[in-house]
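Asks: Could you build the full structure based on these sequences and the hints that come with them?
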Amino acid sequence: NAGVMQNPRHLVRRRGQEARLRCSPMKGHSHVYWYRQLPEEGLKFMVYLQKENIIDESGMPKERFSAEFPKEGPSILRIQQVVRGDSAAYFCASSSTGRDSPLHFGNGTRLTVT
Amino acid sequence: EDQVTQSPEALRLQEGESSSLNCSYTVSGLRGLFWYRQDPGKGPEFLFTLYSAGEEKEKERLKATLTKKESFLHITAPKPEDSATYLCAVQAPSLQGGSEKLVFGKGTKLTVNP
Chain A
1 NAGVMQNPRH
11 LVRRRGQEAR
21 LRCSPMKGHS
31 HVYWYRQLPE
41 EGLKFMVYLQ
51 KENIIDESGM
61 PKERFSAEFP
71 KEGPSILRIQ
81 QVVRGDSAAY
91 FCASSSTGRD
101 SPLHFGNGTR
111 LTVT
Chain B
1001 EDQVTQSPEA
1011 LRLQEGESSS
1021 LNCSYTVSGL
1031 RGLFWYRQDP
1041 GKGPEFLFTL
1051 YSAGEEKEKE
1061 RLKATLTKKE
1071 SFLHITAPKP
1081 EDSATYLCAV
1091 QAPSLQGGSE
1101 KLVFGKGTKL
1111 TVNP
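Line order of the protein sequences matches chains A and B.
Okay, so the first sequence: first residue is 1 according to the working numbering, each after it adds one.
Okay, so the second sequence: first residue is 1001 according to the working numbering, each after it adds one.
Hints listed in this document are in silico derivations from the structure and should not be mistaken for laboratory results.
Incorrect hints may have been included.
Computed, partial: chain A to chain B, Cβ under 7 Å [unchecked claim]:
#, residue
1, Y48
2, P102
3, N107
4, G108
Derived lysine-lysine pairs resembling DSSO-like cross-links, with alpha carbons at most 30 Å apart [as the list claims (entries may be wrong)]:
#, chain 1, residue 1, chain 2, residue 2
5, A, K51, B, K1068
6, B, K1069, A, K44
7, B, K1059, A, K27
8, A, K44, B, K1109
9, B, K1069, A, K62
10, A, K44, B, K1068
11, B, K1079, B, K1057
12, B, K1042, A, K71
13, B, K1042, A, K27
Idealized CB from N, CA, C, for every residue including glycine.
Replies: See below:
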């Protein structure tokens, strides 16, 4: 019974490159959330998606960041033209119904921008 | 704006020394309060959900309680394996229809010495 799977676990990118982070939700879960965690900071909400729909992207930076959750395949968080400030741990979480159900988190992707 | 404040930031206990962690929240219309445990290099692991003032939940050495303004996580006779960061989060109705995002506190880092 696999949990939320994220890959890669670690990702190193040079400034200006693109980063693609992947998330496969738990089996039976159709709601996906992306969070970012900076050192000494709490988890910050970025975006909430259901299959083929972005429900809430109020936490996403307006530029360079995008997310998708296609009908088939994992959810993707894409960061274009990365800068050093993008270095962080990015966590994906999934839930079954969204409403009142707990989020189950993956182990994150640690992005380092050099 | 929904806010979650956790205290203390860090707590050191001797094995067997019981204590409590605090989570104060400001939210318009609480739908649920969640406790998670996070180990270094891992994603948050779900512990409890509390929905209304007066509610209590227990799991092994942990007990979570909820009032109208705060929640406590009581740890009874802790063991070294309870060492982790404990995160509190609130879920509130969102202006973005259907969004069920969680707002997290920064966490309490618990260390239990043998």
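Asks: Decide, hint by hint, whether the structure agrees.
Replies: Hints, verified against the model:
Proximity of A/Y48 to chain B holds as hinted, the smallest CB-CB distance being about 5 Å (cut-off 7 Å). At its closest, the beta carbon of A/P102 sits 5 Å from a beta carbon of chain B; the interface hint therefore holds under the 7 Å criterion. Nearest Cβ of chain B to the Cβ of A/N107: about 5 Å, under the 7 Å cut. The hint holds. The interface hint given for A/G108 holds, since its Cβ lies 5 Å from the closest Cβ of chain B, which is under the 7 Å cut-off.
Of the pairs offered as hints, the one joining A/K51 and B/K1068 is violated, with about 35 Å between alpha carbons and a cut-off of 30 Å exceeded. In summary, the hint linking B/K1069 to A/K44 is supported, as the alpha carbons are separated by about 22 Å, within the 30 Å threshold. A distance of roughly 25 Å separates the Cα atoms of B/K1059 and A/K27; the hinted pair therefore holds under the 30 Å criterion. Under the criterion of a C-alpha separation no larger than 30 Å, the hint pairing A/K44 with B/K1109 is consistent with the structure, at around 18 Å.
For the hint linking B/K1069 to A/K62, the alpha-carbon distance of about 33 Å lies beyond 30 Å, and the restraint is violated. Distance hint between A/K44 and B/K1068 is fulfilled; the C-alpha atoms sit about 24 Å from each other, no more than 30 Å. Restraint check: the Cα-Cα separation between B/K1079 and B/K1057 comes to about 20 Å, which is no more than 30 Å; the hinted pair holds. Taking the CA atoms of B/K1042 and A/K71, the gap is about 28 Å. The hint holds against a cut of 30 Å.
Using a Cα cut-off of 30 Å, the hinted pair B/K1042 and A/K27 holds, with the two alpha carbons roughly 20 Å apart.
When the structure is compared with the earlier hints, violations turn up for hints 5, 9 and for no others.
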